[in-house]
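If you read the sequences in order, they're chains A and B.
According to the numbering used here, the first sequence is numbered sequentially starting from 2.
According to the numbering used here, the second sequence is numbered sequentially starting from 249.
Calculated directly from the structure, the hints in this document are not laboratory data.
Keep in mind that the hints are not guaranteed to be accurate.
What the hints assert, rightly or not - Taking lysine-lysine pairs in the DSSO-like style, the calculated list, with each CA pair at most 27 Å apart, reads:
{"#": "1", "chain 1": "B", "residue 1": "K583", "chain 2": "A", "residue 2": "K151"}
{"#": "2", "chain 1": "A", "residue 1": "K151", "chain 2": "B", "residue 2": "K301"}
{"#": "3", "chain 1": "A", "residue 1": "K168", "chain 2": "A", "residue 2": "K151"}
{"#": "4", "chain 1": "A", "residue 1": "K463", "chain 2": "A", "residue 2": "K320"}
{"#": "5", "chain 1": "B", "residue 1": "K301", "chain 2": "A", "residue 2": "K211"}
{"#": "6", "chain 1": "B", "residue 1": "K403", "chain 2": "A", "residue 2": "K522"}
{"#": "7", "chain 1": "A", "residue 1": "K373", "chain 2": "B", "residue 2": "K339"}
{"#": "8", "chain 1": "A", "residue 1": "K522", "chain 2": "B", "residue 2": "K301"}
{"#": "9", "chain 1": "B", "residue 1": "K301", "chain 2": "A", "residue 2": "K357"}
{"#": "10", "chain 1": "B", "residue 1": "K301", "chain 2": "A", "residue 2": "K212"}
{"#": "11", "chain 1": "A", "residue 1": "K435", "chain 2": "A", "residue 2": "K463"}
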Amino acid sequence: MANIQEKIAKLFPEATFEESDILLVNIPDAKWHDLAKCLKDELQFDQLVTIVGMDWKEQLGAVYYINCTANNTQISVKVIATGDREKPMLHSVYDVWAVATLFEREVYDFFGIIFINNPDMRRLFLSIDWKGYPLRKDYDDDPALNPVPKENERQEDITYSYVEDEKGKVTKKEVVVFEPNDFVVNIGPQHPATHGVLRFRTAVDGETIKKIDFYSGYIHRGIEKICEGLTYPQTLHFMDRMDYFSGHHYHHGLCIAIEKAAGIEISRRAQVIRVLMDELARIASHCLFLGTYCMDLGATTMLFYTLRVREQILDIMEKTCGARMTFNYGCIGGVMQDLHEDFVKDVKELLAVLPKNIKEYNELFIGNVIAKGRLENIGNLSREDAIAHGVTGPSGRASGWACDVRKTHPYSIYGELDFEEVVYTEGDSMARTKLRIAEMEQSAKIIEQLIDNIPDGEYCVKVPKVIKLPAGRWFQMVEGCRGTFGVYIESDGTTSPFRLKLVPPCLPLAGVVDYITQGHKIADLITIGGSLDYIVPDIDR
Amino acid sequence: MYDLSLITDWIHNLLSSFMPGWLTTTVECVLIGVGLLLVYALLALFYIYFERKVCAAFQCRLGPNRVGPWGLLQSFADMFKMLIKELITLKHIDRFLFALAPYLVIIASMLSFAVLPWGNGLQVLDFNIGIFFLLAVSSIGVLGILLAGWSSNNKFTLIGALRSGAQMVSYELSIGLSVLTMVAYAGTMSVTGIVAAQEDLWFIFSGHVPAIIAFVIYLIAGTAETNRGPFDLPEAESELTAGYHTEYSGIHFGFFYLAEYLNLFIVSGVATLLFFGGWMPLHIPGWDGFNEVMNYIPSVVWFVGKAIALSFIIIWFKWTFPRLRIDQLLTLEWKYLLPINLFNLVLMVLVIVFGWHF
């Protein structure tokens, strides 16, 4: 790390450094694009994890979290926007990390920061006529300003780009999304295969896809904004409502971040329980993925075979957590309740039937000749593209990118567990499907190791009634069911977060759909979208 | 074998004994029409129930079990619901064609229904080009589907209709050729003639290898003709919501729904006719006692039973396989089924010419 700091300091004398959990580089906007290029090309920081838009009241800006996939070191860069609050500007890094195109749109949507040279400066979640930028600290949330629309929402087929010429003059330019005579099919927001209210405006030529414009925000709830007005324990309850299959993981992530910041040590028992729940939830989620995916492909029967296992897991969860969907199980200091007395017995029953079921899934679907024809070599994503587009989780690992946070940045007790990180290199829909089945086996392996040695102790350690974090910033990643979930907390020393940024794995997954479906058939859009397994509440937050 | 033409003749004689000839014909037509409609509706209801139960069994479920004993009244309730639902009229559609389309579909399947050999002497239309007529009327259905997709003025329905057009026109070739193979073997196009030719042994057994090949191809193409899984692309739910009939509601949707199930019966019925002897009981040459016993089972039971058994296979396909993609579907037809079929026709001709069959 010191090595990197030296190199950056040598090349960019204007950069200043701050030590927090991850090295932070301060750089003026004028040099930011050069630094980004240098980070990517010379220091191999090839994955942009997230862009956290920030409003520090007197100035706007962004914090970039960047990861090096070769040795999994992380670095963060803080850039202050130029210009006044009317028209703050930053330079885009979309040409360095492809996923920045989406992330920058999100920052623009919430903070109004214009990214110079980004080819698509539309709002990402809010409607195009929305007044104000909601995550700014001086945002006026008077409902009279943004009434519930009674008419259809306005929609544009053009977008805008702010292009900078050699002299540094920025001009607004129109960019066409669809040509006037494109045949645009509107897939979603109400569509059986979008897995939620997501919309793909798809330009097709016959059955062949020319371009997809991904449109989201239909169930945007502003969780990040709401959290700024809540105390830390209250923020936890929103974690179940993003990726509702990874509720345990997201709770886990936010809990670790808060515990790290507050300096709370939790008991071994609580850690084991959390990991057990995470892995059970992972099996349940992958089961549901497989079932709904097969249903998307027309093999309806498979759904019931996979739901059988999922039901069993949900029954286990229900006994301990009291819920089947939004568990609200993790809490600061441990978990909400102790394990149910039947837990060990039920989990062992599950482990006994799981291998048989997995074998059945492989025989029924993966080996089927039609399934092979539909999945193999469809939606190929290379390792480089997966990294550039930030496709993490099972989808990234199917492209040969070992991106499992449980291995790359071990948290909780994952470092001492014996399990394999499944990585395939094909990068097609078939690999993504098979990988999830293989991951179910690995999760079962983890559960097997832990189920007989759940240590005694407190399930929740004593924590102060009022949790106050010291001023500072923390970033924590966990492995959700669909990819890397990140939590960024910036605290000003009060009981509620100054800024809580949640980094969803599904936004890049949905964003990459356009890139890998081009030239495929409409039916392949369903295959590819399904195999990426994005989930919409996670994208929208 | 009990000849049902005795009953029909008796009715005919009874009617003509007190009616002029033209009135007799009219009354008979009405009677038959009502009878056909009734059988049509009842069969459709049965098929809905049957498919639900079969699919439930495959999926480790119970299927309908609340309405009536064993859920038997479930499909009646569903049909009743469909009848009383509102027919939603949409703006921006071609109203005439939109209303016409479901009727075309249902008429096509009803006309094919009339040609089927229901039992010994129980056949509505029987003439020397029966099979030919069947192929002709069943292809009207695709017109209805194309019109439905086009007139709805919706991109999803249009894509569904175009898929359907491509699919049905292609697979009609395979159906036609495998039917042709069997017609060549039977030496007649008349439905009664084909059934009569199978008195000793069903074609699937007597026709040697080419008959088996023709049967397999017919079954695949027939599944595709009925737009059922794994060939249900025109209404691929996860891709096109409901394909060509997305915009339909009430009984107009019901017509598509009914026609789909009845086409399933018709396809299996034609397969029964061509390969499994129509209403002809299972006869094995030399086993006279066995043949006598088989004759005691009524011919209607033979026909319907065989048709339902074949539909079971087609339903099995649907609840087992994932859906094909449009290009794979057309590849299967044009690059595999069609050449095999042509070769099979030649093979069949050789079999007939050299008398290699049983």
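Comparing the hints with the structure gives:
Between K583/B and K151/A the CA atoms are separated by roughly 54 Å; this puts the pair beyond 27 Å, and the hint is violated. A distance of roughly 45 Å separates the Cα atoms of K151/A and K301/B; the hinted pair therefore is violated under the 27 Å criterion. As the CA atoms of K168/A and K151/A are separated by approximately 45 Å, the hinted pair breaks the 27 Å bound. Distance check on the hinted pair: K463/A and K320/A sit about 24 Å apart at the alpha-carbon level, within 27 Å; holds.
Straight-line distance between C-alpha atoms of K301/B and K211/A comes to about 42 Å, which puts the hinted pair past the 27 Å bound. As the CA atoms of K403/B and K522/A are separated by approximately 15 Å, the hinted pair is consistent with the 27 Å bound. At most 27 Å may separate the alpha-carbon atoms for a hinted pair to count; K373/A and K339/B exceed this at roughly 42 Å. For a cut-off of 27 Å, the pair hint linking K522/A to K301/B is broken: about 34 Å separates their Cα positions.
As the CA atoms of K301/B and K357/A are separated by approximately 26 Å, the hinted pair is consistent with the 27 Å bound. Distance hint between K301/B and K212/A is unfulfilled; the C-alpha atoms sit about 42 Å from each other, more than 27 Å. At roughly 43 Å between alpha-carbon atoms, K435/A and K463/A are farther apart than 27 Å, so this suggested pair is violated.
Checked against the numbered hints above, the structure breaks hints 1, 2, 3, 5, 7, 8, 10, 11 and satisfies the rest.
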